[in-house]
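Same order as they appear, the protein sequences are chains E and C. Numbers 11 to 121, taken from our numbering, label the letters of the first sequence in order. Numbers 354 to 466, taken from our numbering, label the letters of the second sequence in order.
Everything labelled a hint here was simulated from the structure, so no lab data went into it. Every residue, glycine too, gets a C-beta built ideally from N, C-alpha and C. Be a bit skeptical, because a hint or two may be false.
Ranges between beta-carbon positions, derived for each pair [stated by the list, open to error]:
#1 E:N62 / C:L404: 34 to 42 angstroms
#2 E:E27 / C:S418: 17 to 25 angstroms
#3 E:K36 / C:P414: 24 to 32 angstroms
#4 E:A88 / C:M368: 31 to 39 angstroms
#5 E:K66 / C:E409: 46 to 54 angstroms
#6 C:Q435 / E:E27: 38 to 46 angstroms
#7 C:E437 / E:E27: 37 to 45 angstroms
#8 C:L404 / E:Q24: 44 to 52 angstroms
#9 E:S49 / C:K375: 17 to 25 angstroms
#10 E:N40 / C:S412: 21 to 29 angstroms
#11 E:V54 / C:H363: 19 to 27 angstroms
#12 E:S38 / C:G356: 28 to 36 angstroms
#13 E:D76 / C:T369: 50 to 58 angstroms
#14 C:K375 / E:E65: 33 to 41 angstroms
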Amino acid sequence: SQQGEEDPQALSIQEGENATMNCSYKTSINNLQWYRQNSGRGLVHLILIRSNEREKHSGRLRVTLDTSKKSSSLLITASRAADTASYFCATSGGGADGLTFGKGTHLIIQP
Amino acid sequence: ETGVTQTPRHLVMGMTNKKSLKCEQHLGHNAMYWYKQSAKKPLELMFVYSLEERVENNSVPSRFSPECPNSSHLFLHLHTLQPEDSALYLCASSPYSDNYGYTFGSGTRLTVV
């Protein structure tokens, strides 16, 4: 069953602005991950945050996790045209039992 | 290249055909996965292999048959598919430990006619 639910479904911003995407999930998790997918290609792992972490940074990416609200956010700062892609959150319940993905947010960066 | 290679990239097959999708990784990962991605739907987990044993089979129709002969190779055998099986099929691998991201291949775009 679907676990993650991204919001918004689509987002269009100007280059240089910050982009924020949100993810909500339903059951307890071991970790939450964010992935990027360029049109028709495979997914690329961006960042993983464990259930006992609240915030994590990687370059221009900032991820937060609120386990009490079962939600996460992904912030991309100083966006670039190359950031245009679909972004997915995925949750893991533990072990190698597979990630559960949401439908994704389609991000468009206008030059 | 991500380290996970899928072949073929594109496949068109009739409903009576039999074909196989191949996935290969040399990252030293010991868990491999098949996902199906259809338009406007979340990625659907189809099969999980961990240490070469199938540990997950999410109610996938029997016309899809996975095979994992070793930790580096994963196949998805297809037979008597339906048009609604047309989708992007993605293979991924990960270390056995849970605290790592997955590495995905570029996918096989399957069209059933």
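Verification of the supplied hints:
The supplied range of 34 to 42 angstroms is broken by E:N62 and C:L404, whose beta-carbon atoms lie about 27 angstroms from each other. Here the CB-CB span from E:E27 to C:S418 is close to 47 angstroms, at odds with the stated 17 to 25 angstroms. About 26 angstroms separates the C-beta atoms of E:K36 and C:P414, a value consistent with the hinted range of 24 to 32 angstroms. Between E:A88 and C:M368 the beta carbons are some 49 angstroms apart, a value that contradicts the proposed interval 31 to 39 angstroms.
For E:K66 and C:E409, the hinted distance range of 46 to 54 angstroms is not satisfied, since their beta carbons lie about 27 angstroms from each other. Checking the proposed 38 to 46 angstroms range against C:Q435 and E:E27 shows it holds: the Cβ atoms sit about 44 angstroms from each other. Under the hint 37 to 45 angstroms, the C-beta atoms of C:E437 and E:E27, about 39 angstroms apart, fit the expected range. At roughly 48 angstroms, the beta-carbon separation of C:L404 and E:Q24 lies within the given 44 to 52 angstroms, and the hint holds.
Between E:S49 and C:K375, the C-beta spacing of about 23 angstroms keeps the proposed range 17 to 25 angstroms intact. For E:N40 and C:S412, the hinted distance range of 21 to 29 angstroms is satisfied, since their beta carbons lie about 23 angstroms from each other. In this structure the hint that E:V54 and C:H363 lie 19 to 27 angstroms apart at CB holds, the actual value being about 21 angstroms. For E:S38 and C:G356, the Cβ-Cβ distance of about 31 angstroms falls inside the hinted range of 28 to 36 angstroms, so the restraint holds.
At roughly 51 angstroms, the beta-carbon separation of E:D76 and C:T369 lies within the given 50 to 58 angstroms, and the hint holds. Taking the beta carbon of each, C:K375 and E:E65 are about 40 angstroms apart, inside 33 to 41 angstroms as hinted.
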